[in-house]
Amino acid sequence: MPEAPLPVRKVIPIAVVEEPGDGALYAAHKKIYPRSVRGIFARWRWAMVFLTQLVFYGLPWVEWGQRQSVLFDIGARRFYIFGLVLYPQDLIYLTGLLVVSALALFLFTAVAGRLWCGYTCPQTVYTEIFMWVEHKIEGNRIARMRLDQGAFSAEKLFKKWFKHVVWIGIAMWTGFTFVGYFSPIRELGIDFLQMRVGSWEVFWVFFYGFATYGNAGFMREQVCKYMCPYARFQGAMFDRDTLIVSYDTLRGEPRGLHAKGSDARAQGLGDCIDCSLCVQVCPTGIDIRDGLQYECIGCGLCIDACNTVMDRMDTPRGLIRYATQNSMAGRWSPRQVLRRVLRPRVLLYTAVLTALCIGLLASLVVRTPLKVDVVRDRTSLARIAEGGQLENVYRLQIMNATEQLQRYRIEASGLPGLSIFPLEPVEVEAAQSRWVAVRLQLPYGSASAGSHAVQIDVSSTSGSARVSEKAAFLVPR
Amino acid sequence: MSDFINGFWSYYVLVLTLASILGCILLLWLTARGQTPAGTDNTTGHVWDEDLREANNPMPRWWVGLFVLTIIFSLGYLVAYPGLGSFKGALGWSTQQEYAKDIASANRELEPVYAAYAAMPAEKLAGDPKAMAIGERLFLNNCAQCHGSDARGSKGFPNLTDQDWLYGGSPEKISETIHKGRIGVMPPMAAAVGTPDDVKNVANYVLSLSGSPHDSLRAGLGKGKFGACAACHGVGGVGNPALGAPNLSDKVWLHGYGQEAIISIINTGKTNQMPPQQGRLTDAQIHVLVSYVWGLSSKPARP
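Order-wise, the sequence lines are chains A and B.
Final position of the first sequence in numbering that gives the first Met the number 0 is 476; the numbers increase by one with none missing.
Final position of the second sequence in numbering that gives the first Met the number 0 is 302; the numbers increase by one with none missing.
In isolation and in its complexed conformation, chain B is listed as follows (with noise of 0.2 angstroms):
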């Protein structure tokens, strides 16, 4: 117990308990020297509500043994677990200690089943509905915070049922994301490309591209000044993997869609950070997850 919040408490348990024990073995004392007031009908001479009475019933004297024994065990308690404020026990037992125990001996349990998916390519684990079963769970519980129960994202964090991949969607690829996170930076490119007017003209290129609405002239003007952005985006803005450039040429809109979303983005840049997940999750585990997650948008390879 070492989340007292000041030393005071910790003494405060300690005389409470300790005081508790005592009283009783006080109490116990009492009671075997005790006697009802001589000569009497064996009541206790307690009288309430004008006639009751509280007769005698002597208990078996061997219960008071029992009694010794429940106060030598609490004693015998309190000297080896926690109990007495923050004194830890002789025996050290600590319920972290207990669930660090629980979790490596379900482990241990699971070793066999995860080794066995270990072996298997992740393009045929993804056939395997028990696998899956567990790969969900683990989606659900470490993934879904950010991308959604269903895995289709929303505004800033991809959605990963499609066939749109920031940084490549072979089971590699994906591995390599889930370990080691990714960070994906876009610099404010709006002094690279010229006034705010031509910034307008990039906006309605880029939706051009995507064959989606835009002022085909600005979009004409645009593509003189989408040098700037070919750097990452490609010529033609198809994007690449290796940088985890998106692609403007499809429909997807990670962080927002139409002419003013494009023009922020163009003028404040942006980072996008998907945490690393190696050390909290196991290889094997990450293995599943890559499974299911590659699952979701490809078909897996028939056993």
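Next comes chain A alone, as it looks inside the complex (with noise of 0.2 angstroms):
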């Protein structure tokens, strides 16, 4: 069988289904009541909820040493990870890991999809978690229809209540760790039930305990549909090749009921039994048998429904799955769609993440703890000190960025017979940083006026690191 020629156009149209609509730009919010699905990307799901969680929740009460493994301390503008002390001028990593993550997004986005906004985003994470417990408290999604429609009851109040008090809870416990992350969180759990915590923490608390509420039990994918940037750019990274939840229109329509085991293709009929499952399972409340639409969040529910339903009938599993435009158009193999993953596309995201990744860790494992700023007295250019040398006097800030008591030697070079006050080591506390006045002296005419490029190096006694900064000497006339 001859292969339909492809389509010029690379990018893959998002289908705009076309709703009678009244015309007007605002409609009433249709809640939507997603049914829970079980399945293997319903599973993924979980994982990743329970993953980043962990790490979410966990990683403040992790210790490292005498602190707060992780711990953002703005007020001292120190942020310690694990071993390392970063201070306000180390912003080139946070930089670097922003520009590794959006390549990451890139690069995933152009592989299958939206899989961040799917697994990951804690949008999604956090309506996850709140729908679980929407489901253990209102019952499935039918019953929670049912409670909402049904007239006012004690029972109603009840869950509605006990639902909102569990909500509130992990909202609240969500917005006490956030703040942990920039107050340490055990003394802020002592203060919280002393009752003697400090206002800007409670309203920081409070604001992202109201965030998560929100936005996971009420917003949630009005979120991703009218408020999220993200969403709308991703269809730019989506290509031919990219794996995004599909129907096979080839197989499913005509669409129409048939008993198990029945012959639909006899009966004029597609796979698809027009169950609706895939819309009900939906947290957007889209019908993927449309197309891609923007609502699509890429989560692969819909392919877990529709896997169950394929199983009951007897037929094979796949009337929606991960599949790419083109496989879908030149009923390709799995192995065919696979050797497609490598493209130029993808391959050049991966070289260029890979490489950010490795020069971002090989400067963090080479990066000097140690930090230094010469500043030149400026209201005294240069004065005669006894013994005829000509003298000149700077300031170093020198920046400690381990966490143990260093102690460093000040060396001076770059003009003969310079030398260089006080002679002794100074101490800079662990995390510290400290003023240090040092003098240069210079045999009163051995330099011609003017200015000269000296060098002053700081070194740690321990032999741990050392810095070399530029500086001028300046001769008078």
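Where hints are given, some of them may not hold.
To be verified - Only pairs whose alpha carbons sit at most 30 angstroms apart, straight line, appear in this in silico DSSO-like list of lysine-lysine:
#1 LYS222(B) - LYS199(B)
#2 LYS154(B) - LYS222(B)
#3 LYS370(A) - LYS129(B)
#4 LYS250(B) - LYS298(B)
#5 LYS224(B) - LYS154(B)
#6 LYS469(A) - LYS154(B)
Think of the hints as simulated: they come from the structure by calculation, not from any bench.
Build the complex from these two chains, which are given one at a time in their own frames, with help from the hints.
Have a look at this one:
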């Protein structure tokens, strides 16, 4: 069979679902009651919930030596990440981390669409947790719909009240954990218990807690549909070889109910029995059979739902599956699809990402845990010291980025006969910085008038770090 | 906001701010009434690049409530806080006040620390590393501009690390100097000394007092004319801390070294000033500074 010629367009058009709509620019919000579903992708989603939340909730409680392992002390401007102490001057690492995150996002999106949205985005993860609570308390999809439509009753009041109590509990704990990254969480907990916590901490705990409660409890898919900018530009990163959640129209259509074991083709039907389970499980409430839509967060729950139905119908799985546009059009085998994963775009993203990660790690490994700033005294350009020495004064800001007390030797070079005082090493406490005044002396008349480049070297006596800084030595006329 | 250069800009900001909020209200009202062209495929009717259409994805209506809330908030904010041109806001909030409050609360926190230091004599305080770290920072922020980061001064600004003190180096005298400042005045003495030749002779005599290179013949002649100087600098030029008259018999030359520099000072005189710090710094801060400066040239008492 000759392959159908591929369309020239490389971009996947997002399907426009033509709803009758009354033409208004605002519409009443339709609450979505996603049906719970079991299957491989649902399990993946839960695995990612546990993984991300284990890290998020657990990390602040891990101790490292005498302190919290991860703590961003904004007041003191010290950022502790396990063995690292970062100063605001290390902002480049944050930049690097953000660039790596962005590139990773590009890579994952090019390979398999909105993986981030579907599995690890906090909006997805907290919605998942909150929906689980809702399911446990209010029951399944049908029960929840009935409860919402039903008349006011003691049972309804209790269920709603109980759900919100649990939600608020989770939200507040999330807010508390978040603040625990910036203010030592153990002390913060004790402060909360003793009701003597600072007003800004209280504000941020409540603010972040409220945001969690609102976003995961009420906003849910609306955040993805109306607020998230990322959701809107991902289409530009898809191509015809990107794995997206797709409905196999050729196999499924025309959809229609038919008995298990009966020959659908003979009845003029496709494999889709139009059970609408794929719509019921969708957290954004779309019908994937209409094609890719901007609302689709790529969670794959409709795949799980459809596969259970296909199993029951004794038809092969994969009526809805992760597939590429090309593979759908060309009826490709999985091997052919996998081969196209290694296309230039993906290889380029991978190469850049790998290079960046290696560069970032290497620079962290060889990072000098010492920073020096040289500031020349501005008021006195030069002075004559005892013994006919010409003297310039500098202030050095020495920042010790280790967690031990360090002694630093200061040396100067760059002009013959240059000497530096004080000669004794200076001490700087762990993770502290200190201003030290030093004097450079030059025998009078040994250098021409003007500015001379000199170098000031600061090295720790333990030999762990050494920094050279340039400075100017002024000789007056 | 009182720093507009004229009244126009206040109205400019006021009009722009209110117009923006009104614009938001108008936009909300228009979109709430807005319709896509009837009978179409539910797109807004806009077409770009031949075939790009804008689908109408109606936003949940309750969001309009949120937008209205932000407008109410913005109006409430503009009433309560400064924002509308030079209107100060009903709450009278200002960054200056916030700054003053922050400083006051920081000072309150420091009070017990300084109170403990104030109770210690300067000689003892100079041996307290914590107090001296504060002293060092105070010095770098308030004194180093003239006396240098290492307190060794430069031409015209005394070195504070040696034993030579214009007004005395006891903690009491240093405290007096920092509190009230000093103005050292030497009048032009050329007329009192005599001819330019006499001035040169006196300069050589002054150089001889410290054993510096000089013309001993001129020095001998100048000795007789030094009487005019001795009124302040004392017989033998040892200086007088009560007047702030420098000791001329040591190797410290605050205003320049050598015959030319000395002749120039005799001819034109010199007024040198240290500004008073009282009022700029608290008494407690000055006490820590005194200990720090005293400790630069003296051994602290062992506790």
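Provide an ascending list of the numbers of those earlier hints which the structure does not satisfy.
-> none
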